[in-house]
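Once you've looked at the hints, go ahead and assemble the two chains, each given alone in its own frame, into the complex.
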Amino acid sequence: MSTSTDTSTTTTTRSGDPDGFDPDGDDLDFDFDGSSIKRKHQLGTIFLGLCFAATMVGIVALIALLADVLLEARGWLTWEFLTYPPSQIAENYVPNNYGELATGPGGMYPMIIGSIYLIIMTAIFTLFLGVGAAIYLEEYAPDSGLTRFIEANISNLAGVPSIVYGLLGLAVFVRAMQTGASLIAGALTLTLLILPIVIVQSQESLRAVPDSMRQASYGTGATKWQTIRNVVLPEAVPGIMTGIILSLSRAIGETAPILMVGAATTMFTPPDLTDPTGSFGAMPMQIYEWAKMPEAEFQHVAAAGIVVLLTILLLMNAVAIFIRNKYDKRS
Amino acid sequence: MSTEPIDLSRNGNDVGTIGDRLARYIFFGCATVTIATTLAIVLVLVNGATDFFSTVSLTEFFTGTDWSPRAADNPSFGVLPLVWGTLMITVGSALIAIPIGTLTAIYLSEYASSRVRRVVKPTLEILAGIPTIVYGFFALSFITPILQQIYPGTGTFNAAAGAIVVGVMIIPMVSSISEDAMSSVPDSLRNAAYGLGATKLEVSTQVVLPASLSGILAAYVLAISRAIGETMAVTLAAGALAQVTMNPFAEIQTMTAYMVEIGTGDASVGSIGYQSLFAIGLTLFAMTFLMNVLSMWIRSRYREEYQ
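Sequence order for the protein chains is A and B. This note's numbering numbers the first residue of the first sequence as 1 and each following residue consecutively. This note's numbering numbers the first residue of the second sequence as 332 and each following residue consecutively.
Any given hint might turn out to be false.
[Unchecked claim] For each label pair, taking beta carbons as the anchor points, the in silico distance ranges come out as:
(1) B:P541 - A:E204: 27 to 33 Å
(2) B:V450 - A:V319: 18 to 24 Å
(3) A:L273 - B:A367: 26 to 32 Å
(4) B:A571 - A:N97: 49 to 55 Å
(5) B:S515 - A:N96: 56 to 62 Å
(6) B:G360 - A:V319: 27 to 33 Å
(7) A:G75 - B:S399: 38 to 44 Å
Hints are computed from structural coordinates only; laboratory data are not their basis. We put the CB at the ideal spot given by N, CA and C, even for glycine.
Bound-form chain B, shown alone (with noise of 0.2 Å):
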């Protein structure tokens, strides 16, 4: 604001009362809350991880393919299986979501009316808002029977049926961010393409898109992160059989499935089930802290200005 010769928002008068004094030191507190709930989240993790990791080595852990941490005689710590099954969920539902919200963005933004999108929008966002073990239990009383039918050796737990809930689920994250990607860039831009010529597929698919790309890609790997963080779902859903396998059908275990199966238990402190919660916890971590690093990055690198 160019009236203003001083920003008093931002520098107003801090003297007076002890309240004056007090309050920003307070408040301050309670920001550094955040810094400290970070902090503790990668201390806790680190630490208990590197309890699991004096009994067993980085080597076994990350490239053994025998999840069987109960076994009496001899366990096995290789954390392949449970990765394989949270890219199996994630892959899956990353081809639902992907296609489908991309294209729903499309519409929202380019060929609904203003009246259909404020009706449409918000009932797509209802998804997002159901609580995950909804899903799950969505999965295994609806979606399981009907693959069942079509595939009559899909299993009770399957790694298919926690694909397409989670896929349901993450649809709106990609649609509703890429819609407002989408809908920032100026029509001048549409008019600029019609003037030429083109017509609305083209407009859609060959200037809006190109022109939203960073938002839409920064969406899908938001619904990424998401997906591989997700739980109750994919615990009720695909099952708690840690095992390598190209079969959608067939029961998997994610790495989230696995920390509620040993939650659940009775793993006791300072027990080797406790620890490896800690290593796999650390893993999900640092998965999906890169994958928001990712998104952040790519929203800002191709960031497209428009006035």
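Only chain A is shown next, with the shape it has when bound in the complex (with noise of 0.2 Å):
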């Protein structure tokens, strides 16, 4: 028998086990070839090795970027990198040279500074606009045309390349409103992006609140209003605040919008949160400013960079997923 599909497939029908392995085969009366069945054994061997490996890929990738870039970050990432501003000199990260240096270490302190003033402002922003949204669409939205057509563009707007957005805060913020490049127009830029999986996980958040918890506060004769504030938030908060936050360590991360908004790379003193149409630097862009440099040197800066980049990352996930913990918990 030949070792097609079709016709294996026939034989173990009639074999009668669902795996297509049967030891007693010899009491079968029909022609029973036993090769077929263990080149399908063999065969299913082989896909399962295919499909581990394959998983594998995706492993092994994650962990060579990440011990690339704590390789390459090892001795240069200081308590100096942390505080200093930038600097255009190589030489002057060098933690051994510290000590001679005339103009003091080179570092990326305003720009962390940036970096987490850009996020505070952006959290703002998208806590009332992407809050307020998921709100209208799952408490208030009749189930119109007009309310397919809004969930719709959303989920288009999600697939949006980021650096259209950052076109969108170029044309809009920094030229028509007059922002200049500034950390507010950095702000708006990055909410608009992010505004999409905002929506989305809120509505979901607020999905699960049971009707019945509704259904109680009306019976009471509470407005919908006071439903909302009073019964649905305060049990939809939590999972607003993790995707909310998983979404700003999206945002902190992007480079391209605030690329093309104008962040600076050579900022010496981080931006003044007073003053919100200053100039500011943020990380992801000095990163990239590092990292195009020829020079050896400043490839090592630019993985101490990421090195300190990720670590907040990593914060801000730890912190959302031990708001889902703790909420878990209380369900």
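As structure tokens, then:
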């Protein structure tokens, strides 16, 4: 018998074993070809091996990426790196040179502060717009064409490349609204970028609140807004917060949008939170600047910057997971 | 819910304090921000591109094979080299992510125990959460040196390294969405096939795969759309030399990388360089928009409904 799948399926059908493996095959009264089943088992093992190997590719790539960054950064990530402004001279970043420098060591302090300010402002805008839109879509919106259009539009916005949001920010906030290459322009651009994700995740959290709770609230005579404010939102807040923090951790690593908006690369002082129209630097922008420098030293400096960025990302994710787990225990 | 006479959650009591009457309109306002965003993107891109096309003809832009916008005496604006660069990265990364992502999804959905799945799936999704600038650095400091050892003619900037890191980046997109689609295939289908004597390999490839095809294809299209719009990794890894080449180890420039080049430069408002940003941006937006619509269409057109 050939090993073609169709014929062998017929054989194993008659043998009556779900796995096509029949140890007592010899008591069957039809022409039984054991080698075909063996062949199928071998194929199955090979396929499983392939699938497993493919899964390992992703995991090995992740390990290689993290190991590469950590090895390149080793010895270059110092306290001075976190507390001093950047420098254009590669020697200034070498820890051994710190003692004999006229200008002080090089670091990324203004960019760390810049990124944190950027994320705080983005968080405020996103919180109001994202949760507001989610409340409308889940609690108020009628099942109409307009609602379906809004939802289809949101899922399309989630697929627009981030650099296009950068162009939007450049043309609308920087030029038309004349905010310049400022902290507020960067924060508004990042807000629009993560808004679709935040809305979808907030909608899911609102949907998870059981209808019986709303009914109970209406039953006590509460109005719709009172119900949303006092019953639905408190119940959905942990899920909403988790979604927002995870989206913000995406925003903090985005380079292309803030690059188009005009984030500065040689900032020696952190931006001023009281003056949101001032210029700003941010971590991913500075990492890009370092990574494209030809000198070998700057590769290590870029790696050190990446370690700082990934650490902040990790902390944000840890907070999100902490909130989610705490919420899970209560329910 | 059949026990409810009226769905109060949808049309609850809206009268009362000013807050009650205002709330609906404020929240509706928040929702319209998303529509305003889409409108603004289209307006900004079309407006900028119109300025650009008043200087450069559509024919030159879409059929020209020379992209040298900064040539002093005779600048040329043929977008094909940039589209070609984007295409090389997209096809290369799809060749990596689609087989690996699909096999990973089959492993996670059909073979792995639930404990393995609970560890491996979030681990792979970390790949999607790493900032793209980090992938660019990874390509420069790890992938390209390896490629240079295998093939000594590889340049510092090359399309292959860009395609590899973008491929790795979109693996979790393919594997997670495909795995969700495969997991939603009901076990009764698998058991029916087992009952006919099919092996696990046959069940996976001839029952589960066809049954979840719409979700898997939608995942492919989304991943490809993401690769088209990918910016920072490609800019760092593949370089800034717009050319049509078949050599994957040569330097290229994608549409997004050109936008970064102009964005970091100091093109003044109204200059042809500044306007070209919007023409390229519009082309990019149109391409990803079509891919997103295609993905939605596949999902609704070929969806298999199971109880």
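Structure-based check of each hint:
1. B:P541 - A:E204: 27 to 33 Å: holds, 29 Å
2. B:V450 - A:V319: 18 to 24 Å: The hinted range 18 to 24 Å holds for B:V450 and A:V319, with Cβ atoms some 21 Å apart.
3. A:L273 - B:A367: 26 to 32 Å: Hint holds: Cβ distance 27 Å, inside 26 to 32 Å.
4. B:A571 - A:N97: 49 to 55 Å: violated, 32 Å
5. B:S515 - A:N96: 56 to 62 Å: holds, 58 Å
6. B:G360 - A:V319: 27 to 33 Å: holds, 30 Å
7. A:G75 - B:S399: 38 to 44 Å: For A:G75 and B:S399 the Cβ distance comes to about 43 Å; the hint holds.
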